[in-house]
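**Q** Taken in sequence, the protein lines are chains A and B.
Heads up: the first sequence is residues 16 to 569, going by the numbering used here.
Heads up: the second sequence is residues 16 to 569, going by the numbering used here.
Worth flagging that the hints you see were computed from the coordinates, not collected in a lab.
Among these hints, one or two may not hold up.
Pairs count within a copy or across copies, as identical chains cannot be separated in the list.
As the list claims (entries may be wrong) - Lysine-lysine pairs mimicking BS3-like chemistry, simulated, CA-CA at most 27 angstroms apart:
#1 K436 with K391
#2 K519 with K429
#3 K285 with K557
#4 K429 with K269
#5 K519 with K186
#6 K429 with K557
#7 K532 with K557
#8 K285 with K503
#9 K503 with K390
There are 2 protein chains.
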Amino acid sequence: MAAASSDTRAAMERSVRERVPPLLTDLYQFTMAYAYWRTGRHQEPAVFELFFRDNPFGGGFSLFAGLHDCLLFLRTFRFTDEDVEFLRSVLPPATDPAFFQFLRGLDCSGVTLRSVPEGSVVFARVPLMEVSGPLAVVQLLETSLLCLVNYASLVCSNAGRFRLAAGPRRKLLEMGLRRAQGPDGGLTASRYTHVGGFDLTSNVQAGFLYGIPVAGTMAHSYVTSFSSLEEVRPQTLVARNGDPDPVDVISLTKGWLRRVCELLGGEPGKISEGELAAFLSYAIAYPQNFLPVIDSYSVGRSGLLNFCAVALALCELDYRPVGVRLDSGDLCRQSVDVRRVFRLCSEHFSVSAFDSLIIVGTNNITEQSMVELNKKENEIDVVGVGTHLVTCTRQPSLGCVYKLVEVRGRPRMKISEDPEKSTVPGRKAVYRLLDAEGHPFLDLVCLAVESPPEAGVSLSCYPLMCDDSRLSVIPAQVTCLRQEVFTKGRVTHPLSSAAETRVKVQTSLQTLHPRHKRLQEPDSYGVALSEELHHLLTEIRKGSSNNSSFLLAN
Amino acid sequence: MAAASSDTRAAMERSVRERVPPLLTDLYQFTMAYAYWRTGRHQEPAVFELFFRDNPFGGGFSLFAGLHDCLLFLRTFRFTDEDVEFLRSVLPPATDPAFFQFLRGLDCSGVTLRSVPEGSVVFARVPLMEVSGPLAVVQLLETSLLCLVNYASLVCSNAGRFRLAAGPRRKLLEMGLRRAQGPDGGLTASRYTHVGGFDLTSNVQAGFLYGIPVAGTMAHSYVTSFSSLEEVRPQTLVARNGDPDPVDVISLTKGWLRRVCELLGGEPGKISEGELAAFLSYAIAYPQNFLPVIDSYSVGRSGLLNFCAVALALCELDYRPVGVRLDSGDLCRQSVDVRRVFRLCSEHFSVSAFDSLIIVGTNNITEQSMVELNKKENEIDVVGVGTHLVTCTRQPSLGCVYKLVEVRGRPRMKISEDPEKSTVPGRKAVYRLLDAEGHPFLDLVCLAVESPPEAGVSLSCYPLMCDDSRLSVIPAQVTCLRQEVFTKGRVTHPLSSAAETRVKVQTSLQTLHPRHKRLQEPDSYGVALSEELHHLLTEIRKGSSNNSSFLLAN
Numbered sequence: 016m017a018a019a020s021s022d023t024r025a026a027m028e029r030s031v032r033e034r035v036p037p038l039l040t041d042l043y044q045f046t047m048a049y050a051y052w053r054t055g056r057h058q059e060p061a062v063f064e065l066f067f068r069d070n071p072f073g074g075g076f077s078l079f080a081g082l083h084d085c086l087l088f089l090r091t092f093r094f095t096d097e098d099v100e101f102l103r104s105v106l107p108p109a110t111d112p113a114f115f116q117f118l119r120g121l122d123c124s125g126v127t128l129r130s131v132p133e134g135s136v137v138f139a140r141v142p143l144m145e146v147s148g149p150l151a152v153v154q155l156l157e158t159s160l161l162c163l164v165n166y167a168s169l170v171c172s173n174a175g176r177f178r179l180a181a182g183p184r185r186k187l188l189e190m191g192l193r194r195a196q197g198p199d200g201g202l203t204a205s206r207y208t209h210v211g212g213f214d215l216t217s218n219v220q221a222g223f224l225y226g227i228p229v230a231g232t233m234a235h236s237y238v239t240s241f242s243s244l245e246e247v248r249p250q251t252l253v254a255r256n257g258d259p260d261p262v263d264v265i266s267l268t269k270g271w272l273r274r275v276c277e278l279l280g281g282e283p284g285k286i287s288e289g290e291l292a293a294f295l296s297y298a299i300a301y302p303q304n305f306l307p308v309i310d311s312y313s314v315g316r317s318g319l320l321n322f323c324a325v326a327l328a329l330c331e332l333d334y335r336p337v338g339v340r341l342d343s344g345d346l347c348r349q350s351v352d353v354r355r356v357f358r359l360c361s362e363h364f365s366v367s368a369f370d371s372l373i374i375v376g377t378n379n380i381t382e383q384s385m386v387e388l389n390k391k392e393n394e395i396d397v398v399g400v401g402t403h404l405v406t407c408t409r410q411p412s413l414g415c416v417y418k419l420v421e422v423r424g425r426p427r428m429k430i431s432e433d434p435e436k437s438t439v440p441g442r443k444a445v446y447r448l449l450d451a452e453g454h455p456f457l458d459l460v461c462l463a464v465e466s467p468p469e470a471g472v473s474l475s476c477y478p479l480m481c482d483d484s485r486l487s488v489i490p491a492q493v494t495c496l497r498q499e500v501f502t503k504g505r506v507t508h509p510l511s512s513a514a515e516t517r518v519k520v521q522t523s524l525q526t527l528h529p530r531h532k533r534l535q536e537p538d539s540y541g542v543a544l545s546e547e548l549h550h551l552l553t554e555i556r557k558g559s560s561n562n563s564s565f566l567l568a569n
Numbered sequence: 016m017a018a019a020s021s022d023t024r025a026a027m028e029r030s031v032r033e034r035v036p037p038l039l040t041d042l043y044q045f046t047m048a049y050a051y052w053r054t055g056r057h058q059e060p061a062v063f064e065l066f067f068r069d070n071p072f073g074g075g076f077s078l079f080a081g082l083h084d085c086l087l088f089l090r091t092f093r094f095t096d097e098d099v100e101f102l103r104s105v106l107p108p109a110t111d112p113a114f115f116q117f118l119r120g121l122d123c124s125g126v127t128l129r130s131v132p133e134g135s136v137v138f139a140r141v142p143l144m145e146v147s148g149p150l151a152v153v154q155l156l157e158t159s160l161l162c163l164v165n166y167a168s169l170v171c172s173n174a175g176r177f178r179l180a181a182g183p184r185r186k187l188l189e190m191g192l193r194r195a196q197g198p199d200g201g202l203t204a205s206r207y208t209h210v211g212g213f214d215l216t217s218n219v220q221a222g223f224l225y226g227i228p229v230a231g232t233m234a235h236s237y238v239t240s241f242s243s244l245e246e247v248r249p250q251t252l253v254a255r256n257g258d259p260d261p262v263d264v265i266s267l268t269k270g271w272l273r274r275v276c277e278l279l280g281g282e283p284g285k286i287s288e289g290e291l292a293a294f295l296s297y298a299i300a301y302p303q304n305f306l307p308v309i310d311s312y313s314v315g316r317s318g319l320l321n322f323c324a325v326a327l328a329l330c331e332l333d334y335r336p337v338g339v340r341l342d343s344g345d346l347c348r349q350s351v352d353v354r355r356v357f358r359l360c361s362e363h364f365s366v367s368a369f370d371s372l373i374i375v376g377t378n379n380i381t382e383q384s385m386v387e388l389n390k391k392e393n394e395i396d397v398v399g400v401g402t403h404l405v406t407c408t409r410q411p412s413l414g415c416v417y418k419l420v421e422v423r424g425r426p427r428m429k430i431s432e433d434p435e436k437s438t439v440p441g442r443k444a445v446y447r448l449l450d451a452e453g454h455p456f457l458d459l460v461c462l463a464v465e466s467p468p469e470a471g472v473s474l475s476c477y478p479l480m481c482d483d484s485r486l487s488v489i490p491a492q493v494t495c496l497r498q499e500v501f502t503k504g505r506v507t508h509p510l511s512s513a514a515e516t517r518v519k520v521q522t523s524l525q526t527l528h529p530r531h532k533r534l535q536e537p538d539s540y541g542v543a544l545s546e547e548l549h550h551l552l553t554e555i556r557k558g559s560s561n562n563s564s565f566l567l568a569n
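In isolation and in its complexed conformation, chain A is listed as follows (with noise of 0.2 angstroms):
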């Protein structure tokens, strides 16, 4: 399985500037841009941050995935001489044509990233990363991130999930290019449900980008494409190893069938010519790789019968057929069946190969379906999911914000009337807290200028959305959460690739307590401001509603 080699990284990038260009992103980006650059502001140092409100799918965690894009368009962040003239014909005729000179001329290279390493367990409200800037340009890039991050984010989240309902053995397949928000959209799906915990992709150019192992064999359309045994060509096959003369595989596989339906009291008027010449074409083609969806017409009746006569056939010449697909019906009623057939014809017709036949199953898998799945007897060893993987049917959409918190060195906040929609103010560093087992349990939201929390040492703070009730922790240990990936408009921390984050994913979701991991109702993952932190809050909100007395000042 071969990614595209050296080349990879340089295409990748170019790839993510020709997906992201700077503009796409809303106009407002542009307007506040420019009236920050009249009010002579566009300078100031200001600091955003990227979070999200609430764990996706119901659950107690989400997985961060996206940042790799997010490096890779911060270090090529800038406009042609065709996006600038674009913008002139949409932006008010007021604006200052020297705008558009400071446009063409803006690049990343005031702007620093600090951020969650990417594949790590977060949490809702917890700020993932941290970018810092001058005031237009941090701005600038708020959609693009949240854009790559978001979907990322989901779909990683949506796959671990999928993952831990499979439990850690079965494979994980994703097949959902064709019900993605379009092409894009199903090489980010196929990428981040990889990270998440997929083992196999359907999709080549995934493969062929990120280097994620490709499966897949065949559809029912190649299945009713042949109705009749004529139309297998060539009729013969050479045995793996021994004999150099062709053998006629369509004389063996009837006699095979005869017997197989002898065994099973299957009725030969009822099964497929059409489908067993499809599965002979490819066994012919693929003799090594035989594994034919075998529901085109009925399972039982025609599907099962003409794979294990097909199968006997290929092992009589000493290859090896690999199993079979079912795309419709009970899968696991279906898997137990196919098993018990297979292990039928292993011992009466002595083929240890139908020992380690694998059973795939594909029919609109969804969480739910994956659980019950994974909670009767089946004998299905690798499960295919598309639609509801790639779509994040239950929620599409992870609702990432990216929200100022610090300009010019003083900290800002909104204050809405929806308390869901305040923001918390202020440069920040993130510790997680871990208990005696290794386990997290808090992740702490500190000011940037305060010492970190230390192990072993009790510790007061006020868990988020709680208002005002303190709590005090003793951390077993303490890890800072972020770390500092680009450094005015340098990357600074090794890029991962899909195969490293994915691993991340799994180590991350290990140290997770089960409660929290649980896919319904989980217990709920503590986050909580630091004292300092809170008082700033509460200092704010207070200054806030006796604020001024500007209007009468003057």
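Fit chain B to the known structure of chain A by using the hints.
**A** Same frame as chain A, now just chain B:
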């Protein structure tokens, strides 16, 4: 509002080629193509149909979109050496090297596409596209065509429903970029929601590529970035038509704010100075485009008062303020309050500009809240919709499928144990039958070889999914639903622009009877098979149940 001009078409073609490379497909398309090639069947003429099984969102219709991109995709479909090398690494080692030569030479010069025009109202189970050509090639096109039609049609249909819910006059603004499935998902959403009936987008790149009018002014972060009037620079503005001497606009606004507070009973102590500073800076930068978001602190106690003061100052200097945006809380109630204040100011201060101020509402709008908004008293002129529009929360996938219906002139079908998943065999023509009022009432699917139905002549047909209940109808008019748009590798029908397709959507929707357009529990629209097609279907079903003595024949 200028779109990227002369080179747009070439750029779009390039962009489709980059976004939809021929590797962006499922692996099984290649393994099947190989097996066809190996069997010598790859050049056999084959026909596939693209359709969906259920109208989305519980509705009675869908809108067909994505054709334009499909045509560009077909026109540019070709494998590079690099593509082929990658395929060599992922296909089974048994693959004959000559197959890769074959792939390298492939294009769509043998492919013909008949399609419903883009922007048409369409219905479940009607074959929308017919793709014919060499078996291996039309098989390889499956995933890409599905990917291009599925989301485009879904989000276009969603936009069409929002338009119906909003009524014809209210302006609709799409602003979902940050919540879409990555960058390209966002771009696709902007394009096809415009086609479906939205007027404006926040997405600048969509304006650039497709000429969609873009809109936007400021976010909360702009407002909260200001804390005092000292940050306002310059503090003067020159009147629009008149005295060239700059006016101290801060003093002017403060004076207006006092008068506004007197008129409206505002408490100066509750007014945010930072918000006033933000509004003033913006108004000084864009005095003819003043439309601030007024709920960063409190609409009634701060935002509205600050807006009125700045807007009155602008009016005094002969500028024309545009309006306000509300982004939280009960939009209807607030809009009524805001309008009342505008009228009061207009009368009290004799400023007629206040009579034409617009109110923009944006707050997590769903189709349901749009319906309610349309029923309740409100004064909202423009509604912005993001998440629920672009993610199609209620049903995030249309579930288009691509099914083989004919090979070498012989009809093919999948006879599933699940009747929902069975297909209708044979090459077809589709006619739309209209009643005397010009409303379509039935889509009739015939065999291609049949003579078309005639206006005023009674015909018998079999409604789909109703088995054997025969129906007689007399159409007042008959139109042929599909056109040949791509013939043997060439686009043979003019490509429609987004604007043209947008018009088509509205004219197509207008002919549809209101009973089918109801958003909830619509009357279902008729789709039926001709007698000949129904006869063929019955024959094939019968044949399949007693098809084969093949097993015993040899």
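**Q** Against this structure, judge whether each hint is valid.
**A** Hints, verified against the model:
1. For the homomeric pair K436 and K391, the shortest alpha-carbon distance between copies (25 angstroms) is at most 27 angstroms, but the shortest distance inside one copy (43 angstroms) is not.
2. Taking identical chains as interchangeable, the C-alpha atoms of K519 and K429 are never at most 27 angstroms apart, the minima being 34 angstroms within one chain and 44 angstroms between chains.
3. With identical chains, the CA atoms of K285 and K557 are at most 27 angstroms apart between copies only, with a shortest distance of 12 angstroms across copies and 80 angstroms within one.
4. For the identical chains of this complex, K429 and K269 are inter-copy neighbours only, at 23 angstroms across copies versus 76 angstroms inside a copy, given an alpha-carbon limit of 27 angstroms.
5. Proximity of K519 and K186 under a CA criterion of 27 angstroms is satisfied intra-copy only: 19 angstroms inside one chain copy versus 46 angstroms between copies.
6. In this assembly of identical chains, the alpha carbons of K429 and K557 lie at most 27 angstroms apart only when taken from the same copy (13 angstroms versus 70 angstroms across copies).
7. For the homomeric pair K532 and K557, neither the shortest alpha-carbon distance inside one copy (38 angstroms) nor that between copies (52 angstroms) is at most 27 angstroms.
8. Proximity of K285 and K503 under a CA criterion of 27 angstroms is satisfied in neither setting, with 71 angstroms inside one chain copy and 40 angstroms between copies.
9. For a Cα distance limit of 27 angstroms, the shortest separation of K503 from K390 qualifies neither inside one copy, at 51 angstroms, nor across copies, at 52 angstroms.
The structure fails to meet hints 2, 7, 8 and 9 from the earlier list, while all remaining hints are met.
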